[in-house]
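Enquirer: Take a look at the letters that make up each chain.
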Amino acid sequence: MKITRGEVEHISELARLSFSEDELEVIANQLNDILGYIDKLNELDTAGIEPTTHAQELVNAFRMDEPQESLNVDDSLSNAPEREGGQFVVPRII
Amino acid sequence: MSANTEITDLTLWQLRELLLKKELSAKDVAKAYLERISLVDPKVKAYITVTEDLALKQAEEADNRILKGDVEPLTGIPIALKDVLCTKGVQTTCASKILENFVPPYDATVVKRLKGQGAVILGKLNMDEFAMGSSTENSAFFPTKNPWNLECIPGGSSGGSGAAVAARIACATLGSDTGGSIRQPASHCGVVGMKPTYGRVSRYGLVAFASSLDQIGPMTRDVRDCAILLNAIAGYDPKDSTSHPSPCPDYEKALSHTVSGLKIGIPKEYFGQGLGDEVEKAVTKAMALLKENGAELKEISLPHTEYAVATYYIIAPAEASSNLMRYDGVKYGLRAEGYKDLLEMYKMTRSQGFGPEVKRRIMLGTYSLSSGYYDAYYKKASQVRTVIRKDFIEAFKECDCILTPVAPTPAFKLGEKLDDPLQMYLSDIFTIPVNLAGLPAISVPCTLSNDGLPIGVQFVGPPFKDEVCIHVGGAFEAIRGPFAPWPEL
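Quick mapping for you: the protein sequence lines, in order, are chains A and B. For the first sequence, counting from 1, position 15 maps to 1041 in the working numbering; every step adds exactly one. For the second sequence, counting from 1, position 128 maps to 175 in the working numbering; every step adds exactly one.
By construction, these hints were calculated from the structure, which means they are not laboratory data. Computed from a predicted model, the values in this text were never measured in an experiment. Honestly, I wouldn't trust all of these hints.
Said to hold, decoys possible - The list that follows gives simulated cross-link-like pairs (lysine-lysine, DSBU-like), each with its CA atoms no further than 30 Å apart:
no. : chain 1 : residue 1 : chain 2 : residue 2
1   : B       : Lys135    : B       : Lys162
2   : B       : Lys286    : B       : Lys345
3   : B       : Lys444    : A       : Lys1066
4   : A       : Lys1066   : B       : Lys315
5   : B       : Lys464    : A       : Lys1066
6   : B       : Lys437    : A       : Lys1066
7   : B       : Lys90     : B       : Lys135
So here's chain A without its partners, still in its complex pose (with noise of 0.2 Å):
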């Protein structure tokens, strides 16, 4: 599968980042490098066969619900790029 200019700024709009119309230009070449090796893949049949998501095959962990320890307010603001009081601030978002 070729990747398209198009695709990677739709993708690069999905990811959150931006980039140069130079820098789109060589990640759409890296991807297609990297895209083309992996079509690889397709030369085996895969009907069928479950997909591993997990290498190992615990299910699920329970524990008790029981109160715990946690961190307090301040630690857990303490990398806060914009703070007040105990909350995170962001630009306006409505």
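Chain A is already provided as a structure; the job is to place chain B on it using the hints.
Expert: Okay, now just chain B, sitting in the frame of chain A:
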């Protein structure tokens, strides 16, 4: 040789004995390392952060513990950490501009365990940004050099962790391995590196790259050191729901000098195209040594090996693109300036904060997960992953462990593969299948190349048989005899 150089030449277990006998104090040891770091690290550039004050304070505490007889295997041992592991109160950058000023409010579980044993933390080590790379050249700050030849890469992504052990500026280190990021730099730096079974070591506090593949592991001077460090970090952690509840054996007890009767599988697919002559010679030599000493070599087949890299470069970037969405300038890390609205803040922050390789993988991952392509890429790769894992499970019916090369060539020159991402990806061809299958594997130094660069061999064990890697790795090391003297720096 000065007294200080001698201290930093000791293995972890030798140091442990001397500390226990009180022939050395933890403070002397920490000082010797800090002094060597200031002398040698300007050449090697393994450290992003040196935690001098913390190390001296911890050394003092370790000495108090030793005085009281409250000693654990790592008490007073100077250890450094890949900068992907969260350390409370100490910058954790992932070698990325986006986390340059990030100071975690908590310790990763492995860090907590090391501290609990009284280890001395020397600092945080360089890596490829977000562990994406095979050369440590993707660090946003500076590349690390290979101590055996300062013009060569140390491997990656745990290049700082490998180089620090080889340069004797840490007694032992922790790295992380998503597609070979512990084993490949271990091979290139002439040290031992182990990726435990997926689920054996808690990932809590490991900055996530590809969550179904990431695993933390030791990088050390020898296999005994590796076993001691693995003992400290392995085991169930309720904070990581993928950590396995089964008990861990004492890995140090798995050490053995004999391979007699051991069935070692040699996968024929690993010895074809792409394998460099010198590495092939090294692995062949390892095979001969093992056979002479009573191991049974058995040709096996892992028929889907050739699809592993393609599978990995769908799955790992897909998981990464999702994991890295959290870097949006809101909760921690960089926030760009001069944005008009929220969306622009996200885009500017991420574009300024991430380096080219990280962006490339986010793009690749976003593409393969996007509407219309999911089945063709992500689902397909997940199905191939099943097949690759089955290959290994079948193979382990015929053998106790599997021997393979680690990297196709010895360490390459800095800059050599920087402009060709696909070539860089293909250098992980022998390590990636192990992550896809979730298996334990160890890289042990085997020989030096004609140019004096180390070459390692890899031993892969069945799932949750990490002790098999320690056993065969340690026995191989004993059979091989002393490795080349550490490089002068």
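Enquirer: Which earlier hints can't be squared with this structure?
Expert: 2
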